[in-house]
Amino acid sequence: MSMLEVNGLKKTYVTHLGSNKVEALKNVNFSVEEGEYVAIMGESGSGKTTLLNLLAALDKPTGGNVILNGKNLFKIRESAIAQFRRENLGFVFQEFNLLDTFTLEDNIYLPLVLAGKSYKEMSERLKPIAEELAITDILKKYPYEVSGGQKQRAAVARAMIIFPKIILADEPTGSLDSKATDELLRLFKEVNAMGQTILMVTHSVKAASVANRVLFIKDGEVFHQIYRGTDSNQQLYQKISDTLTLLVTGGERE
Amino acid sequence: MKRMFYPQLAWDSIRKNKQLYVPYILTCIGMVMMYNIITGLALANTPEAYVGGGYIGALLGMGGWVIALFSCIFLFYTNSFLMRRRKKEFGLYNILGMSKWSIVKILFWETLIISVISLTVGLILGILLSKLAELGLMNIIHEEINYRFTIFGKSIVMTLKIFGTIFGLLFFNSVIRLASSNAITLVRSENRGEKPPKGNWLLGMLGILLLAYGYYLSVTIKNPTEAFNTGFTAVLMVIVGTYLIMICCSVLFCRILKRRQGYYYKANHFVSVSSMAYRMKRNGAGLASICILATMTLVIMSTTTCLYAGLEDSLNQRCPRDISIEFGMQDPEGMQEENIRDLQSGILDTIQMYGLSPKRICSYRYAVLYGVLEEDVAVTNPNGLMGMMTDSLGTEMYCYCFVPLSDYNELMGTEETLEAGEVLISTNRTAYPYDTLSFEDGREVSVKKKVDFIFSGESMMSIFSSMAVIVPDLDAALQGDQAIVSVMDDSFFDRGWFYAFDLPADAKTTQQVYQELDRVFGSDDLKSRYGYDVVSCEEREDLRQSFYQITGGLFYLGILLSIVFLFATILIIYYKQISEGYEDEARFEIMQKIGMTKKEIRKSINSQILTVFFLPLILAVVHLAFAFPMFHKMLMLFNLFNIRLFIVTTGISVLIFAVFYALVYRITSDVYYKIVSEAKQ
Ligand SMILES: Nc1ncnc2c1ncn2[C@@H]1O[C@H](COP(=O)(O)OP(=O)(O)O)[C@@H](O)[C@H]1O
Ligand SMILES: [Mg+2]
Numbered sequence: 001m002s003m004l005e006v007n008g009l010k011k012t013y014v015t016h017l018g019s020n021k022v023e024a025l026k027n028v029n030f031s032v033e034e035g036e037y038v039a040i041m042g043e044s045g046s047g048k049t050t051l052l053n054l055l056a057a058l059d060k061p062t063g064g065n066v067i068l069n070g071k072n073l074f075k076i077r078e079s080a081i082a083q084f085r086r087e088n089l090g091f092v093f094q095e096f097n098l099l100d101t102f103t104l105e106d107n108i109y110l111p112l113v114l115a116g117k118s119y120k121e122m123s124e125r126l127k128p129i130a131e132e133l134a135i136t137d138i139l140k141k142y143p144y145e146v147s148g149g150q151k152q153r154a155a156v157a158r159a160m161i162i163f164p165k166i167i168l169a170d171e172p173t174g175s176l177d178s179k180a181t182d183e184l185l186r187l188f189k190e191v192n193a194m195g196q197t198i199l200m201v202t203h204s205v206k207a208a209s210v211a212n213r214v215l216f217i218k219d220g221e222v223f224h225q226i227y228r229g230t231d232s233n234q235q236l237y238q239k240i241s242d243t244l245t246l247l248v249t250g251g252e253r254e
Numbered sequence: 001m002k003r004m005f006y007p008q009l010a011w012d013s014i015r016k017n018k019q020l021y022v023p024y025i026l027t028c029i030g031m032v033m034m035y036n037i038i039t040g041l042a043l044a045n046t047p048e049a050y051v052g053g054g055y056i057g058a059l060l061g062m063g064g065w066v067i068a069l070f071s072c073i074f075l076f077y078t079n080s081f082l083m084r085r086r087k088k089e090f091g092l093y094n095i096l097g098m099s100k101w102s103i104v105k106i107l108f109w110e111t112l113i114i115s116v117i118s119l120t121v122g123l124i125l126g127i128l129l130s131k132l133a134e135l136g137l138m139n140i141i142h143e144e145i146n147y148r149f150t151i152f153g154k155s156i157v158m159t160l161k162i163f164g165t166i167f168g169l170l171f172f173n174s175v176i177r178l179a180s181s182n183a184i185t186l187v188r189s190e191n192r193g194e195k196p197p198k199g200n201w202l203l204g205m206l207g208i209l210l211l212a213y214g215y216y217l218s219v220t221i222k223n224p225t226e227a228f229n230t231g232f233t234a235v236l237m238v239i240v241g242t243y244l245i246m247i248c249c250s251v252l253f254c255r256i257l258k259r260r261q262g263y264y265y266k267a268n269h270f271v272s273v274s275s276m277a278y279r280m281k282r283n284g285a286g287l288a289s290i291c292i293l294a295t296m297t298l299v300i301m302s303t304t305t306c307l308y309a310g311l312e313d314s315l316n317q318r319c320p321r322d323i324s325i326e327f328g329m330q331d332p333e334g335m336q337e338e339n340i341r342d343l344q345s346g347i348l349d350t351i352q353m354y355g356l357s358p359k360r361i362c363s364y365r366y367a368v369l370y371g372v373l374e375e376d377v378a379v380t381n382p383n384g385l386m387g388m389m390t391d392s393l394g395t396e397m398y399c400y401c402f403v404p405l406s407d408y409n410e411l412m413g414t415e416e417t418l419e420a421g422e423v424l425i426s427t428n429r430t431a432y433p434y435d436t437l438s439f440e441d442g443r444e445v446s447v448k449k450k451v452d453f454i455f456s457g458e459s460m461m462s463i464f465s466s467m468a469v470i471v472p473d474l475d476a477a478l479q480g481d482q483a484i485v486s487v488m489d490d491s492f493f494d495r496g497w498f499y500a501f502d503l504p505a506d507a508k509t510t511q512q513v514y515q516e517l518d519r520v521f522g523s524d525d526l527k528s529r530y531g532y533d534v535v536s537c538e539e540r541e542d543l544r545q546s547f548y549q550i551t552g553g554l555f556y557l558g559i560l561l562s563i564v565f566l567f568a569t570i571l572i573i574y575y576k577q578i579s580e581g582y583e584d585e586a587r588f589e590i591m592q593k594i595g596m597t598k599k600e601i602r603k604s605i606n607s608q609i610l611t612v613f614f615l616p617l618i619l620a621v622v623h624l625a626f627a628f629p630m631f632h633k634m635l636m637l638f639n640l641f642n643i644r645l646f647i648v649t650t651g652i653s654v655l656i657f658a659v660f661y662a663l664v665y666r667i668t669s670d671v672y673y674k675i676v677s678e679a680k681q
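Chains as they are written, first to last, in the working numbering: chain A, 1 to 254; chain B, 1 to 681.
Calculated from the structure, these hints are not laboratory results. Some hints could be false.
Using 30 Å as the maximum straight-line C-alpha spacing, the simulated DSS-like pairs for lysine-lysine come out as follows [claimed, not checked]:
#1 K165(A) / K16(B)
#2 K140(A) / K449(B)
#3 K21(A) / K10(A)
#4 K117(A) / K449(B)
#5 K359(B) / K120(A)
#6 K141(A) / K359(B)
#7 K449(B) / K359(B)
#8 K593(B) / K165(A)
#9 K60(A) / K258(B)
#10 K266(B) / K120(A)
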């Protein structure tokens, strides 16, 4: 059985007046195996964030289900969802979403503090992660004192410290310059190599070309997918670009 | 079409920011209404309306200025809250190509709309409620007020002038703020990264010291005159101390909490401690202001209520009988027993004309010497006195009232006896704890007993405390080789005879007797016959009227100001929480994303709001508790010694204040929670 299974996921937004309906996701099906590194691509407005929010149980779908480790996400009681989230899912967002009232260290601890872990346990967990992400020296700083790349690495640490089943990343490189982007993508690759499952949403070809598999969504459905196989990043990059061209010119679904 | 563009935009933005503007407009309306009512009343209370009307009119007029000034400060404060919130919007307009001039136009229309609404509604409410306010005042001061229709016009014009100016100033202030910022800073003004402040130990310690010293001063004040001088210093110290403590110590406190890992890294402390620490510097000043304002309100409420509720008490102290007459006698001959007996029969004759005879008679001769009391040493020597008075303004000024034992025994119905060198002592305000009393230019006498005494109206009215010294013989005490004090030519010395009695008659007759006595004994003829040179005649009923005016006027003003301050305090907190709610919106959204439950959010919000809300209130109550002895001493000047009454009025004031406070806490935390949790939807 796959680690994550998405079956017939559907999401329709009803705007305030109730007259306008936006069908963000129509019928999304895919699955992710343990240890995979999957990128989801699509144009702006194609429903990537919507999909991720559903996977994170931050929102309720109109139809379909999501099964994580054999557990149906939408069958979990409302009161237990937050706990489920902080025990199983790690998040990395485009806007970092660090709290400016906390130091980077405290930001990273936040989910564990909520889970009631002791300081000793938290700092022991953080040590290797911080080393890996090269943020040990800046842990005592506040978000506004560090660069975007460093902020994003702290956010990755916050996602990793809970030892999540899966890391969900929404446009993680969207706010970074090219040097910080390369750095982050390299880190994701390393983390994945250690066995961490990652699902990353992006519209950047460069970011997607690092993944093991790339899914394309269009019109609320999974339109196409590419496996890396034995391709190099460069080759995958080319394949993705070609697919995107196809997407824009309105090619048929395979 | 084009012409209506700016008014429409202004109106829309007011409506869009309802949560901010509704309380603001309500405040403006409230202030306009209060000002209009109080100026109307001030104009209606004239000397022509009733005797003493000038006093009430002036008092209320002063109250009007207080409200105007306060409105100005307060509206500036709340307006700056609004502007901070709106800056982002204006910045966006600016970036989207709207010129600053156009934004100024929007601001102008906004100000205009708000001022027209507040002035119209405020004035209408003011006029509607003025009748009620007038009735209230009449009931409190027991006078007929002549509230003519013309007054409405005048008070409306005054209100328009004052508040027109305030709104104008607010507009210019906004424009200046707008002009001095560029689009980028406008857009980003709200979420600039900011390091949590470092607490300053030195300033924090200074704050604690100032507060402690202020408290110490208030608690150790010995007499009412001192309460006014030292009290001012104490109040200043407490105010400065409060600001320093709120700003510095709160930051330090949070930092200490943060260092305690076992405490800080707990789900229910983590978020609240860090965001408190983050905000304290900015919040400290605000919280301190709230605290000071709350203290001020509580003091005004409790003292003026106590004054009014204790009116009969202090009237009885001030005027123990229906009618009293006091004769001042330069000539020692006048003090001879025969002369006094003649004077008394003269008085009795006058009363007899009305077919009445006096009851519960008080009669005693006295000699009065002013001086300073230092521990158990009385300094009455004029040279020494002058030096001390300039040294320490009015500290422990006393009026020593020497009374012969025979008069005392008759007055109180006692049978005390005294040896030479012994005295009985009675004080009217502050207790005298020593067993001996020595006069600097005289002798030491032993205090045989501390006793009760009926002080004359003169001494109760004086701002100085009085001490009755009952001596075996008045003449011997003041002159000769047995004298216990030496009286010099330029000593502050007086002597005389006090006579007071009740009349078993109705109010009207009593008044006639009083007027007749005043007339008869005011004549020069009688003065020379009986050897007195000043006479003062008082009637309790007559005094009661002016008491109702004085304390009633203060009480009424106290109520009005308390209402204004109470609502101001509450509103400041409301805005504080709302603007924090907007700041926290994003923060709580993040927390929700990484796994904080709604319940945890609610809990963390509650603990934050609770602290922000009740910290100033608690500190205000502590201030009040320490200020209590000081204000109790001040109330003694109004001959209010009933400490139980003051405790009760203070307690009730705190209770009323706390109830309103708690109510607003409920509303505010709901609004705050709504803002914060809306983030997700
Ligand atoms: N809360 C919402 N209410 C209504 N419509 C929404 C909401 N969130 C997203 N949408 C719509 O759903 C579609 C998908 O949006 P989103 O998932 O954010 O796209 P992406 O992240 O791929 O850019 C868009 O058309 C967007 O306008
Ligand atoms: Mg998106």
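Structure-based check of all given hints:
Simply put, K165(A) and K16(B) have alpha-carbon atoms about 43 Å apart, too far for the 30 Å limit, and the pair is violated. Distance hint between K140(A) and K449(B) is unfulfilled; the C-alpha atoms sit about 73 Å from each other, more than 30 Å. About 13 Å separates the Cα atoms of K21(A) and K10(A), which keeps this hinted pair within 30 Å; it holds. Between K117(A) and K449(B) the alpha-carbon distance is near 72 Å, which puts this suggested pair outside the 30 Å criterion.
Between K359(B) and K120(A) the alpha-carbon distance is near 87 Å, which puts this suggested pair outside the 30 Å criterion. Simply put, K141(A) and K359(B) have alpha-carbon atoms about 86 Å apart, too far for the 30 Å limit, and the pair is violated. For a cut-off of 30 Å, the pair hint linking K449(B) to K359(B) stands: about 28 Å separates their Cα positions. Restraint check for K593(B) and K165(A): satisfied, since their Cα atoms lie roughly 16 Å apart, inside the 30 Å limit.
Distance restraint check for K60(A) and K258(B): the Cα-Cα separation of roughly 37 Å exceeds the 30 Å cut-off, and the hinted pair is therefore not satisfied. Distance restraint check for K266(B) and K120(A): the Cα-Cα separation of roughly 13 Å lies within the 30 Å cut-off, and the hinted pair is therefore satisfied.
In this structure, the earlier hints numbered 1, 2, 4, 5, 6, 9 are contradicted, and the remaining ones agree with it.
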